[in-house]
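Listed below are the residues making up each chain.
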Amino acid sequence: MKSFDYARAESPEAAVAAGGRFIAGGTNLLDLMKLQIETPEKLVDISRLDLAEIEERADGGLTIGALVPNSDLAADSRVIKRYPVLSRALLAGASGQLRNKATTGGNLLQRTRCYYFYDTAMPCNKREPGSGCSAIGGFNRILAVLGTSDQCIATHPSDMAVAMRALDAVIVTLRPDGDRRRIAIGDFYRLPGDAPQIETMLEAGELITHVELPPPPKGIQLYRKVRDRASYAFALVSVAGIVLVEDGRIASAALAFGGLAPMPWRNPAVEAALIGQTPSTATFEAATDALLADAKGFGSNDFKIPLTRRVLIACLRDLTGGAA
Amino acid sequence: MHFTINGAPREAEPDIRTSLLDLLREHLGLTGTKKGCDHGQCGACTVLVNGRRINSCLTLAVMHQDDDILTIEGLGSAENLHPLQAAFVKHDGFQCGYCTPGQICSAVGMLDEVAKGWPSHVSGSLDSIELSDAEISERMSGNLCRCSAYPNIVDAIREVAEA
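Chains as they are written, first to last, in our numbering: chain R, 1 to 324; chain S, 1001 to 1163.
Derived by calculation from the structure, the hints in this document are not laboratory data.
What you were told as hints is all true, and nothing was included just to trick you.
Computed list of lysine-lysine pairs in DSBU-like fashion (alpha-carbon distance at most 30 Å, straight line):
(1) K1035/S to K42/R
(2) K1035/S to K34/R
(3) K81/R to K218/R
None of the values given here were measured: they were computed from a predicted structure.
Please work from the sequences and hints to get the whole structure.
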């Protein structure tokens, strides 16, 4: 590991003024620093800041402090009752030890687990812009089939962020100039394009302080994750779904996907294919066609496309009461 | 830097890059906590910080100066085994033993999580937990055992949980 300066921040304002890389749980950042994939010159320790509470919002939603550990968020009785899709997503990720340390803000910002991003002997445009993408034409079994570019096909690894995408969470930040921003999670992540090293719209020194959840949505919520082993593995494909059926028709639907794209994926065309329709295999296939219309495999990840088709149809059956 | 390890104050001057794991092993002589992968994938380095189980390899010592750190050395001794240590011996919950301190520290933290009512990925209901063998396996999935003593580890943990 390269050496670094270390400072413990006493307040969010002091943290953004300190001008360094924020560290909280550290479970992803320190892993990457050991491999010299991340080489920050200064770490600003934000782990003691007063940002570890989950608070009620007047509208029935919740405000989650950026330092709330993943395990506490998953086990919070309000989250279990109102946002079970979020509890389920968190519990599907990592291990008990990691969830105890990993934070809400850090989870949103974790880096891809693409093999080539981790292998400093190989070219990777995300790690070293302009060096090339080893995954295209390489071992890409775990990588993306949607939202890719000819520069990068990495996936975003989070489960939590997929549930938050379905829930229309809002990310609250503090900038070094003292301004606060509220960023819809749908606007937060960037596709790789020709700059895969830039993954979010956060500016230099901008700190995530909270995540806001809107009032709980009506309908059935589920999170389904398909992976290579039963526990403690990243998603090949995951689905966060929230569907309300009224009078025999789908009244509302929110569907977000993990393991398929460089960001928690959501496509309004999928939901448009469902809303107003009677639950049926034909309806579910139309939604799946909308999701996968632009899907592109890269060889060893081709299987993700038919896998996603089967998983989504199965999820939609469960979300609509198994009628179809 | 000042630390509280197994209830006792300790001092050390490690390099700023030192992980909590390396502080324990290399600076304080507490070699019960093991280094397996050093990347948070195997769980051999599991310790309890303020009562919660974490991977000591994936955190910096400097970040834990105000915390209560409990390692396998603080859980029990050869003369006075912790109930989980005794159960691992009774049920043959190990072969080579390298993962065992991490397994036991993890199990201590895990049983506390169950007592608090925390659900897991395999819980049918998120708000009422029954500690089945499937629950124990899921909750212990962050601790690998290359000798594959898993069935006996589950037996040992179940016995303590039911005691």
